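This is what each chain is made of:
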Amino acid sequence: MRSPRIPYLLMLLLLTVAFSVAAWVEPQYQERQEVHSGDMMSFLLGDSRRLFANHFFVKADVYFHSGFYPTIFDNQQSFQTPHMAEDAGALKGHNEGDETAFMGPPLDFIEAFRRHFAPSSHTHLDEGGAQGTNGVNLDLGEKGGEVREILPWLKISAELDPNRIETYMVTAYWLRKRMGKVDEAEEFLREGLRANPNNPAILYELGRIYHEDRTNDVHAINLWELGVRKMDEQKSVKTEQDNFILFQLTLSLARVEEDRGNYARAIQWLEREKAVSPYPDVITKQIEDDRQKLADSQKSGADTPAKTGSQPP
Amino acid sequence: MNVIFAVAGVVIKEMYRRKDFYVLLILTVVITLLMGSINFFDDDKIARYLKEVCLMLIWVSSLVIAISTVARQLPMEKENRTIFPLLAKPISRAQLVTGKFLGCWLACGVALLCFYVFFGCLSFSRERHWFLLNYFQAATLHWAMLAIIIGMALLGSLVFAAPSSNGTICFVLVAGILLIGGYLNRVAMQTTEPGRSFVYAIYYIIPHLEIFNVQERMVHDWPLIEWKYYALAILYAAAYSAVFVFFSCRLFRRKALS
Chain A
1 MRSPRIPYLL MLLLLTVAFS VAAWVEPQYQ ERQEVHSGDM MSFLLGDSRR
51 LFANHFFVKA DVYFHSGFYP TIFDNQQSFQ TPHMAEDAGA LKGHNEGDET
101 AFMGPPLDFI EAFRRHFAPS SHTHLDEGGA QGTNGVNLDL GEKGGEVREI
151 LPWLKISAEL DPNRIETYMV TAYWLRKRMG KVDEAEEFLR EGLRANPNNP
201 AILYELGRIY HEDRTNDVHA INLWELGVRK MDEQKSVKTE QDNFILFQLT
251 LSLARVEEDR GNYARAIQWL EREKAVSPYP DVITKQIEDD RQKLADSQKS
301 GADTPAKTGS QPP
Chain B
314 MNVIFAVAGV VIKEMYRRKD FYVLLILTVV ITLLMGSINF FDDDKIARYL
364 KEVCLMLIWV SSLVIAISTV ARQLPMEKEN RTIFPLLAKP ISRAQLVTGK
414 FLGCWLACGV ALLCFYVFFG CLSFSRERHW FLLNYFQAAT LHWAMLAIII
464 GMALLGSLVF AAPSSNGTIC FVLVAGILLI GGYLNRVAMQ TTEPGRSFVY
514 AIYYIIPHLE IFNVQERMVH DWPLIEWKYY ALAILYAAAY SAVFVFFSCR
564 LFRRKALS
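So the protein lines, in turn, are chains A and B. Counting in this note's numbering, the first sequence runs from 1 upward without gaps. Counting in this note's numbering, the second sequence runs from 314 upward without gaps.
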């Protein structure tokens, strides 16, 4: 015989479950509202915006090649790392094979015919792009030729995914190195720093601006050192890209200290660099050279007075 | 021939009385100008993203105009019963179909001319350089491709029951061919028999509309297409359009109108 209390107990159970779910969901909902308030892109697209950001980043590389780019049906071995990012030193290259022959030979007469209507040679925008290959003497703009054409897609990519570090690095590199827009490059990197506080890669790129364009080595050293410190504080396992950035940071610090005559510090940075360098033998030789220079300078008694700058790692 | 041109003239007049073309042209202009007003790092010479957006809108608009105009031509004549007085005149069914095809194609040509003039002005405003022959090649190849699509939609209007279903099927087919039609041979190579032969057969049968899509060349200022290949492409389009018009005439000749 069924107990008459069962429906009431079931109802009580359901009420309890509903209350528990509400108590669990509400704080999360509120937290989400606080985090994403004012961010229309996040609200509309959610995490899919990262996919779009990646799409637009690749689109910038397509523009860098004037549309001569492999599709999903072509061999992408030579385009695994976007060339514009590799050239900018933002990403470690993983490209293999011939970048001019990713399509392979045409399989039939239709494909052979079709290729006469598509972009057909490997060019880079900073080298003149598609028109540059034709020997036409056109006004290619300032220093960087038509490289400005990749910028809209990079900007959109950064808007969609502000945590994608390489977008800031690549954009800043092309802005300052090839278009001479140092202020815009710094402003964009600072936007990146606001979205990714103390990111070592952005600090490295910002340091390059101070070292190469503003000739303010002290500021550059401070930024790079902060980058190394933040890298050391990082608790998660270091990826290949992290090691690549650490390599660039320590290399830059060693170079600038050498230039300033601080060989002892340069040696210490080189020792640090050796651990992450793809060519440790070359670094070992550099360390020996610096030791020799240090010994020579000490012998002559004309050691350069210590300049304010980097602290030993 | 005069009869065909007379029918074509009516179709052209019908197109400029309708509002589709004007709406699409204004939308294209407004969206492109809005995109052009975005400031990227204070550089007002950036042009290619704008050219890409503009060309994409032109392509979408032209497809909408072409397919929607053709798909309703014969069904509307039947529905309004205007086809009976039309055929009562000394005009054959084949002439009517050819006239409809020609009218739609010429109307699309007029529309394309307006779109490409806008595109040319837009490019010049940013790049300060006219690539007139490139624009000519792109526009005429585009127009030639529309001839194939118009032929296809005309045949579809005789096969499918309603203009809406014909339009939808044509859009799906055209989009499919433009996106993956050129790669079906590579897909076939990775498939086992009998799938390989089937996919390869489709590859050889379909009109390769992607050949006429020279947007990448236009956006990135590639040099001119060699004229012999350009001429071959025009012939290719003429051949496919002729095939579609021929089958449309054959089908319409046997079709009961009541």
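Think of the hints as simulated: they come from the structure by calculation, not from any bench. Just to be clear, a hint being listed does not mean it is correct.
Within a straight-line C-alpha distance of at most 30 Å, the following computed DSSO-like cross-link-like pairs (lysine-lysine) qualify [as the list claims (entries may be wrong)]:
hint: 1; chain 1: A; residue 1: 293; chain 2: A; residue 2: 274
hint: 2; chain 1: B; residue 1: 391; chain 2: B; residue 2: 402
hint: 3; chain 1: B; residue 1: 568; chain 2: B; residue 2: 402
hint: 4; chain 1: A; residue 1: 155; chain 2: B; residue 2: 391
hint: 5; chain 1: A; residue 1: 230; chain 2: A; residue 2: 155
hint: 6; chain 1: B; residue 1: 358; chain 2: A; residue 2: 59
These numbers come from a predicted model, not from an experiment.
How the hints compare with the structure:
{"no.": "1", "hint": "A:293 to A:274", "in the structure": "holds (19 Å)"}
{"no.": "2", "hint": "B:391 to B:402", "in the structure": "holds (16 Å)"}
{"no.": "3", "hint": "B:568 to B:402", "in the structure": "holds (18 Å)"}
{"no.": "4", "hint": "A:155 to B:391", "in the structure": "violated (53 Å)"}
{"no.": "5", "hint": "A:230 to A:155", "in the structure": "holds (26 Å)"}
{"no.": "6", "hint": "B:358 to A:59", "in the structure": "holds (19 Å)"}
Figure legend: structure checked against the earlier numbered hints; the only hint not met is number 4.
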